[in-house]
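Hey, can you work out the whole structure from these sequences and the hints?
Protein chains in written order, with our numbering: chain A, 12 to 120; chain B, 12 to 120.
Derived from the structure by calculation, the hints contain no laboratory data.
Do not take every clue at face value.
With a straight-line Cα cutoff of 27 Å, these simulated BS3-like cross-link-like pairs (lysine-lysine) come out [as the list claims (entries may be wrong)]: (1) B:K51 / A:K27; (2) B:K27 / A:K19; (3) A:K27 / B:K20; (4) A:K120 / B:K19; (5) A:K39 / A:K19; (6) A:K19 / B:K39; (7) B:K27 / A:K118; (8) A:K27 / A:K39; (9) B:K72 / B:K51; (10) A:K33 / A:K72; (11) B:K42 / A:K19; (12) A:K33 / A:K120; (13) B:K120 / A:K33; (14) A:K72 / B:K51; (15) A:K72 / B:K39; (16) B:K51 / A:K118; (17) B:K39 / A:K120; (18) A:K42 / B:K118; (19) B:K72 / B:K20; (20) B:K72 / A:K72; (21) B:K33 / A:K20; (22) B:K19 / A:K39; (23) B:K120 / A:K42; (24) B:K42 / A:K120; (25) A:K19 / A:K72; (26) A:K19 / B:K20; (27) A:K27 / B:K33.
Small disclaimer: the values here were computed from a predicted structure and weren't measured.
Protein chains: 2
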Amino acid sequence: MITFEDFKKVEVTVGKILSVEKIPDTDKLLKLMVDFAEEKPRQIVSGIALYYPNEQDLVGKKCMFVTNLEPRVIRGHESNGMLFAVSTETGAFSLLEPHPDIPQGTKAK
Amino acid sequence: MITFEDFKKVEVTVGKILSVEKIPDTDKLLKLMVDFAEEKPRQIVSGIALYYPNEQDLVGKKCMFVTNLEPRVIRGHESNGMLFAVSTETGAFSLLEPHPDIPQGTKAK
Numbered sequence: 012m013i014t015f016e017d018f019k020k021v022e023v024t025v026g027k028i029l030s031v032e033k034i035p036d037t038d039k040l041l042k043l044m045v046d047f048a049e050e051k052p053r054q055i056v057s058g059i060a061l062y063y064p065n066e067q068d069l070v071g072k073k074c075m076f077v078t079n080l081e082p083r084v085i086r087g088h089e090s091n092g093m094l095f096a097v098s099t100e101t102g103a104f105s106l107l108e109p110h111p112d113i114p115q116g117t118k119a120k
Numbered sequence: 012m013i014t015f016e017d018f019k020k021v022e023v024t025v026g027k028i029l030s031v032e033k034i035p036d037t038d039k040l041l042k043l044m045v046d047f048a049e050e051k052p053r054q055i056v057s058g059i060a061l062y063y064p065n066e067q068d069l070v071g072k073k074c075m076f077v078t079n080l081e082p083r084v085i086r087g088h089e090s091n092g093m094l095f096a097v098s099t100e101t102g103a104f105s106l107l108e109p110h111p112d113i114p115q116g117t118k119a120k
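Structural data, given as structure tokens:
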């Protein structure tokens with residue numbers, strides 16, 4: 012069990028994916044540039060390549076990201092956030108996509 | 012900024028809404044019964060009635076809930092979780108609905 016204050020610490024934000032690149036010599040890693048209606052887009056590394064045989068399908072999608080984690084370096088690539096999505100042990104995966112009229116930068120609560 | 016451990020404390024889970032009732036003498040409050048693939052459904056109170064003029068539209072939807080908050084009593088009704096959704100200051104609102112093939116009980120990560 013957690014308190015409401017514990018919950019409030021975590022910032023989950025709508026981001027719009029602007030571009031996607033596979034990270035060479037990895038099976039799973041994609042490098043996303045994501046717009047959060049901030050001064051500039053953020054680079055975010057995510058391990059979802061196996062769910063997107065054509066990774067360009069992700070471009071233009073709005074989905075949810077954790078946006079106040081400490082930056083991490085993954086295989087030499089800085090990641091300034093983390094995709095927030097659902098997956099099952101049997102291989103099903105889903106982004107969490109809000110309605111299209113919700114602007115990027117909107118925080119979940 | 013938070014640590015990955017701070018983030019991991021918060022449990023956000025796919026729930027399927029089984030039934031919805033307006034809470035009398037309130038404008039905004041709905042009482043939801045939500046299936047998380049647990050032994051029995053949970054009662055969750057949510058302040059989203061104004062977004063659903065026909066609140067029965069919510070029945071059958073799968074969406075996201077924070078499921079490890081301490082229970083709260085809201086206007087006399089126990090709430091064992093909290094809807095996790097997005098809304099803007101201009102009145103737009105969206106549930107976060109995973110693809111239909113993601114079963115209730117699945118945790119976001």
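* In rising order, the numbers of the hints this structure does not comply with -> Hints 1, 5, 12, 14, 15, 16, 21, 27 contradicted; others consistent.
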